[in-house]
Amino acid sequence: MNAITFHSYNGQWHPYHKGEERVPAGHFFYGQRHAVPTEPELAAAVDNRRAFCIPEVEAILEEPDKREWFAVYWLGQVMDTAKEAGMRLTLSVECQESTPLEEEKAMVREVLALYPQIDVLELITPEGGGDNSQPLSSPEAAALCRELFGGGAAEAALQSLRQEGREPWGEVPSTALDAPPPPDTAFFS
Numbered sequence: 021m022n023a024i025t026f027h028s029y030n031g032q033w034h035p036y037h038k039g040e041e042r043v044p045a046g047h048f049f050y051g052q053r054h055a056v057p058t059e060p061e062l063a064a065a066v067d068n069r070r071a072f073c074i075p076e077v078e079a080i081l082e083e084p085d086k087r088e089w090f091a092v093y094w095l096g097q098v099m100d101t102a103k104e105a106g107m108r109l110t111l112s113v114e115c116q117e118s119t120p121l122e123e124e125k126a127m128v129r130e131v132l133a134l135y136p137q138i139d140v141l142e143l144i145t146p147e148g149g150g151d152n153s154q155p156l157s158s159p160e161a162a163a164l165c166r167e168l169f170g171g172g173a174a175e176a177a178l179q180s181l182r183q184e185g186r187e188p189w190g191e192v193p194s195t196a197l198d199a200p201p202p203p204d205t206a207f208f209s
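Just so you know, we're using our numbering here: the sequence shown kicks off at 21 and counts up by one.
Hints were generated in silico from the structure; no laboratory data involved. If a hint is listed, it holds; no wrong ones were tucked in.
Straight-line distance between alpha carbons at most 25 Å, and here's what the computed DMTMM-like set of lysine to aspartate or glutamate pairs gives: (1) 38 <-> 114; (2) 38 <-> 142; (3) 86 <-> 67; (4) 86 <-> 40; (5) 38 <-> 123; (6) 86 <-> 41.
Quick list of the computed label-pair ranges, beta carbon to beta carbon: (7) 141 <-> 44: 17 to 25 Å; (8) 58 <-> 27: 24 to 32 Å; (9) 147 <-> 105: 26 to 34 Å; (10) 44 <-> 97: 16 to 24 Å; (11) 101 <-> 66: 19 to 27 Å.
C-beta: ideal position from N, C-alpha, C; glycine also.
Assemble the whole structure, with the sequences as input and the hints as a guide.
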């Protein structure tokens, strides 16, 4: 079966709430603006005139309500096309540890209402695992992996990375395997 996964950080393809404030969808590049280069050869290769974004949204970039509508519409159209091609759709959304559970549940309900095409809604940690202002040391990262996935699953993931020649987080001390990875962790291999 062919499959495709879309990812949305909060405010990209779906709105979310920050306390009483509703943050609309359509915040591309985490809400940052990236200007199109002025060098003629680069500008000629880009369909946008002022800012990098979906070319069709550039005209409404300064209009949050229209931009939000278009972001949801655009991703919905891409999802419809993928469904027509027989693909299984996954949408991953980020859950913030600092967000109250009721707000997270409301966000999940809204995402499911906005994108009825999806087959799987994947709840993930923010990119980079959360608050990147205080990165984890290698032992802390390894301990977090073991805590989240269990010793066996964590070791399987780490071993897979080592076999590919990629050592995550530097040297990771070996641990006793507390259990074999459960069947639903096959994505680690």
